[in-house]
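**Q** Let the hints inform the model, and build the full structure from the sequences given.
Residue numbers (the working numbering), protein chains in the order written: chain H, 1 to 275; chain P, 1001 to 1196.
Hints were generated in silico from the structure; no laboratory data involved.
Please note that a few of the clues may not be correct.
Stated by the list, open to error - So the derived label-pair ranges between C-beta atoms look like this:
(1) H:K73 x P:Q1090: 38 to 48 Å
(2) H:G160 x P:L1034: 54 to 64 Å
(3) P:I1071 x H:L88: 47 to 57 Å
(4) P:P1030 x H:F89: 25 to 35 Å
(5) H:L88 x P:L1034: 27 to 37 Å
(6) P:R1063 x H:G160: 20 to 30 Å
(7) H:K176 x P:G1069: 55 to 65 Å
(8) H:F89 x P:E1062: 34 to 44 Å
(9) H:P153 x P:E1062: 29 to 39 Å
(10) P:P1030 x H:N17: 35 to 45 Å
(11) H:T197 x P:A1061: 13 to 23 Å
(12) H:K73 x P:P1030: 44 to 54 Å
For clarity, every value in this text was computed on a predicted model and none was experimentally measured.
Where is the CB? At the ideal position from N, CA and C, for every residue including glycine.
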Amino acid sequence: MSAEAVVASGGLDCHLNSGCGFPAPGAEIFLFDRLAAFTIGNLEFHITKVTVLLFIVVAIILAFFIYAFRKPKLVPRGAQNVGEMAYLFIRDGIARDTIGKDGDKFVPFLFSFFFLVWLTNFMGIVPFAQIPVTSIFAIPVAFALIVYVTWVPIGIYRQGFFGFFKNLLFPPGVPKAMYVLLAPLEFLSNLIVRPATHAIRLFANMFAGHLLIATFSIAAFYLLSASVIGLLGSAASFTVAVALTGFEALIQALQAYIFTLLAAVYIAGALHPEH
Amino acid sequence: MINVIAAAQAAVSAAGGEGGEEMPSVLAVPIDELIIGIIAFLIVFGGLAKFALPNIKRTLAERADAIEGGIERAAKAEAEANALAEQYRQQMAAAREEAAAIRTQAQADRSSMIEEARAEARAAAQAVTAQAEAQIAAERSQATAALTHQIGELAVTLAGKVVGQSLTDDARVRETVDAFISDLERQAAAQGSAQQ
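**A** Structure below.
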């Protein structure tokens, strides 16, 4: 599909002054040819480049951390050192900071999310992969959904069914009359907007970042032609593309951190509604 | 330039016309991709939670234990050392006290011994002196007696020689001489007692 789109708008031979317009990248760069398909029940599963990258990331995470922690020593070295830093970052920096002492139970959950999101984001700047898996909307939606179906049951289990909704919809310290207005807003904000923004924040960041890099990369290629303006423009676009790639590396880690932190905040809210 | 614009317009209309109906939205959430995403997370979560993270959690707990245990052991050793030092100090103080007591005792012993010896010596000296004095007194009185007697005899002899030999056997003369001698003795005794 994406290859067809490129061909339709002039193909790789399309340069400035060669008689074709700028093949601006669009939504088609997020659509991939299906490599394989199989059916389970009524549902047809499509295997695309994105799916493959997702499972490569899964394999890398499992391989690295199982290797790093296979026989942990009291005095760490090598891979264990790196893994331990990651573990302590999640445990102390996110779980204990946000949830508190009982945050330790959620370290595996948050740890999995942080590295899964970060490395799937990171695929956006890995040569030949060059697509953030999380810029495919279904993936962040899947992740946010998992967080949603984790914190809501925790809240109901901890506070009781009515207690959970009471704490969620009727925040204390507000005049009684305000609840007429506030309760529907809180319901919307906590139970509908919250999971939606959780997914969209990650998706939109990765989507926009990838689109930017793609635009400047294509521009560098398109402007590469036998004219001064073309060469200067090409060089400038290339520079911006490289700079954006560095910037994206930052955003990818940051978005992974934000996604994990928000998951921790939602869980903390379910565990300790008074906060 | 016109060419470029025309080409761009053609490209846009081509993309819109062709892709429009069959290109799915980027906001679509196909159920199969959703399930694949969930499965990916569950694999990572399950794998890490079962095979990787418990190990490192245990090791970190062990390390914390080891550090805390080390601190505890160090504190124990310090307390022991302190107790030992305190004990040593007490022993030292006791020993010093004992030494001082012994020294005081020795000093007392020495002075009493000196005093005793001195008293003994004084007593012995007094005894010797007294004995000597007694002896001297006896000898003197003996000598005085002997001298008095001799003087008497000498005086009688002298008087006999002066007066004549007839006087020697005369009893009255003898009485007179004896009285004179007794006088002399008395005088001598009076003199001796006055001297003493």
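**Q** Hint by hint, say whether it matches the structure.
**A** Hints and how they fare:
1. Roughly 47 Å separates the CB atoms of H:K73 and P:Q1090, a value that falls within the hinted 38 to 48 Å.
2. Taken as a hint, the range 54 to 64 Å is violated for the pair H:G160 and P:L1034, whose Cβ atoms sit roughly 31 Å apart.
3. Between P:I1071 and H:L88 the Cβ separation comes to about 20 Å, which falls outside the hinted range of 47 to 57 Å.
4. The hinted range of 25 to 35 Å is satisfied by P:P1030 and H:F89, whose Cβ atoms lie roughly 34 Å apart.
5. Taken as a hint, the range 27 to 37 Å holds for the pair H:L88 and P:L1034, whose Cβ atoms sit roughly 33 Å apart.
6. The hint said 20 to 30 Å for the Cβ distance between P:R1063 and H:G160, and at roughly 39 Å that hint is violated.
7. Checked against the hint of 55 to 65 Å, the C-beta distance between H:K176 and P:G1069 comes to roughly 56 Å, which is consistent with it.
8. Distance hint check: the CB atoms of H:F89 and P:E1062 are about 20 Å apart, inconsistent with the given range 34 to 44 Å.
9. Take H:P153 and P:E1062: their Cβ atoms lie about 33 Å apart, and the range 29 to 39 Å holds.
10. Checking the proposed 35 to 45 Å range against P:P1030 and H:N17 shows it holds: the Cβ atoms sit about 41 Å from each other.
11. Between H:T197 and P:A1061, the C-beta spacing of about 37 Å breaks the proposed range 13 to 23 Å.
12. One distance hint, 44 to 54 Å for the beta-carbon pair H:K73 and P:P1030, holds here, with the actual separation near 46 Å.
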